[in-house]
Amino acid sequence: MLWYKAWRESQARFLLSAGTIAGLCVAFVVFHREGAPVADHAQTYAEYIWRIVYKGYLRELFVLLALLLGVGGLLRERDYGTAPFTLALPVSRWHLLAVRAAVGIVEVTILSLLPAVILPALSPLMGEVYPWSQAWQFGLLWSIGGAFLFSMGFLASIFFAGEYTAAVVAVLAMLSYSVAVELPVVERYVPDVHDLMSGVGMPYFRLDTYHLVGPLPWTTLGGLLLLVGSSFALAGRLTQRQDF
Amino acid sequence: MIFSLNPSAGQPLYLQLMQQIRHAVETGILQHGDPLPGIRTLAEELVISHNTVAKAYSELAHEGLLELRHGSGAYVNAKRIRKLHSEKVRLARRRVQILVQSLRQDGLSDEEIHRLFEAELFYADSKLETT
Amino acid sequence: MPHSLVIETHELSKRYGSFEAVRSLNLRVSGQRITGFLGRNGAGKSTTIKMLLGMTHPTSGTGTILGQPIDDNKANREARRQIAYVGEDKQLYGYMTVEQLVRFTKSFYADWLPDIEKRLLKQYQLPLDRKVKALSKGMRTKLALLLAFARRPELLILDEPSEGLDPVSMEELLQTLVSAAADGTAVFFSSHQIAEVERVAEQVCMLDHGNLVADLSLDHMRQEYRRITAGFRSEPSPERFHIPGVQHMHARGRQVTFVATQNAETVVALVRSMEPVSVEVTPISLREVFLETVKEGT
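Chains as they are written, first to last, in numbering that gives the first Met the number 0: chain A, 0 to 243; chain B, 0 to 130; chain C, 0 to 297.
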């Protein structure tokens, strides 16, 4: 029943995040006429959606939520005092970690696909069209970007005890990364997850139609997944050595 | 049967239990054929280790005072002539009563009397007087 | 003849920086009995237990629990299948209800006893649908105990189980320990309630400043240990009492008191040969032995 435990421990955060993302998506679609930011030209629906969801507010929110979903784990349990109970169970620390990671990845994936479902489904009801293929491609980019962010939050929670400390550190690290990755020197070597998820400056995104075109960056995505795997492996190794 | 064990009395609990069972048989509180509580039951009731009860029963069975019947527990075996001994005990008790009364009359406290008996029991062959 | 060892350590040590929590511990705990584990706060009891259960890694030394080496994760995990543990903190997942937590814990153990679970739920009066975080400390302790007792493990380890329990519950707890031991479970429990330990335990280990300072059979203690207090007309010189078997000697004015741990009669005879004006021989409680033993360490 470790899955149940991992679910219960992330339940509140997940439901709140899902509710917020879903709610915002619905709001963005329903109020697209009123909500469109004033621009110096008439915006197409695709541009509006892109700016507000895939580049802007929602993406930034998603980044934060994915990161925070990773926080938790045995170090948090140590603070609460339940670590001895959990560790006395006849399960390995790897198993505990793996279940928490798996549940988290599933949750992040669901969060990343919420816009992919809501936008194309709801838009026609408001007299607009948003193509499913676009939404789902973005969904894929987000799910992998989200997995990466989750794994960063997850790793932070291995190093830092104190629920809030881990979250704060993760957020600060994310902010530093976001700033650093804007510098051309860094950008050459380090993938910018934000741009990956929004398509800004990417060869697979066309700014004039605000659509994803062409093949998605499978190598970069593959690389990110590798990073995710390595982060979990590192988290496992470190947890194994810790004293509770 | 009511037992009263004292963990701090300086005597292993199983010995105390044995003594109390023996005493009960000698005075007739426990009679030939009476069943004793099961080891586990008695251990839980007295809140002592079951090994203690088991040891007491097994030692008494070895002495012949108890009969351990496989599957049904321990039973008192008082066939051996104990009446003589229980008579001795009864007389001895009376003598102790008289002595204790007179010591109290002399002004000694119960504590002091107890200590005198303790000391005496330890060094039966001692010649030294204690104050 | 001792039964097989359920816990055995060899020079087990744990150091945090410069602080030695456990020092070269050689602990031996036999099965089929109740063993008490005494020590002041911070003596290293909890650290020792955590090392045995694989929660804390020893700095040096080895140990086995139920025959499995404690530093082998897989082996230790296998051993934990047959171990029930109630820790010091007794914190449980606050977000689960009593029922959910029972169901959760039950799912990990093949030796779960649903009948005992039902009986204890009733006996401890634990409301099934109440969240654990809404339970009082006493109820939480009882729930933690239930999760350990509704099983038939080979070894039961309890770290200060009586914390937060009223005297009646304490009595019930002791009865449950006796019952578990009668069923073949080895019981190893640490407690500050020394009188309680004295009633049910057969063997007692004492830890002080990370060292094992005593490993005592209580029956042996009851039989052999005596407190001897002697008074003299003039102050005696302490060296005269350096007799084998004499420990924890204190001199005050014209009196001397000590604990004879063996051959009390011989020791008393020796004392009498020094022509005392009074000699008192009394049994000694576990509490006294403990206090004398650890005070000497300071």
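Be aware that one or more of the hints could be misleading.
What the hints assert, rightly or not - The calculated lysine to any residue pairs, modelled on SDA-like cross-linking and capped at a C-alpha distance of 25 Å, are: (1) Lys-105/C <-> Val-98/A; (2) Lys-132/C <-> Leu-15/A; (3) Lys-132/C <-> Lys-73/C; (4) Lys-73/C <-> Trp-2/A; (5) Lys-130/C <-> Gly-161/A; (6) Lys-132/C <-> Asp-182/C.
Source of the hints: derived by calculation from the structure; they are not laboratory data.
A quick look at each hint next to the structure:
no.	hint	in the structure
1	Lys-105/C <-> Val-98/A	holds (18 Å)
2	Lys-132/C <-> Leu-15/A	holds (21 Å)
3	Lys-132/C <-> Lys-73/C	violated (32 Å)
4	Lys-73/C <-> Trp-2/A	holds (21 Å)
5	Lys-130/C <-> Gly-161/A	holds (23 Å)
6	Lys-132/C <-> Asp-182/C	violated (33 Å)
Checked against the numbered hints given earlier, the structure breaks hints 3 and 6 and satisfies all the rest.
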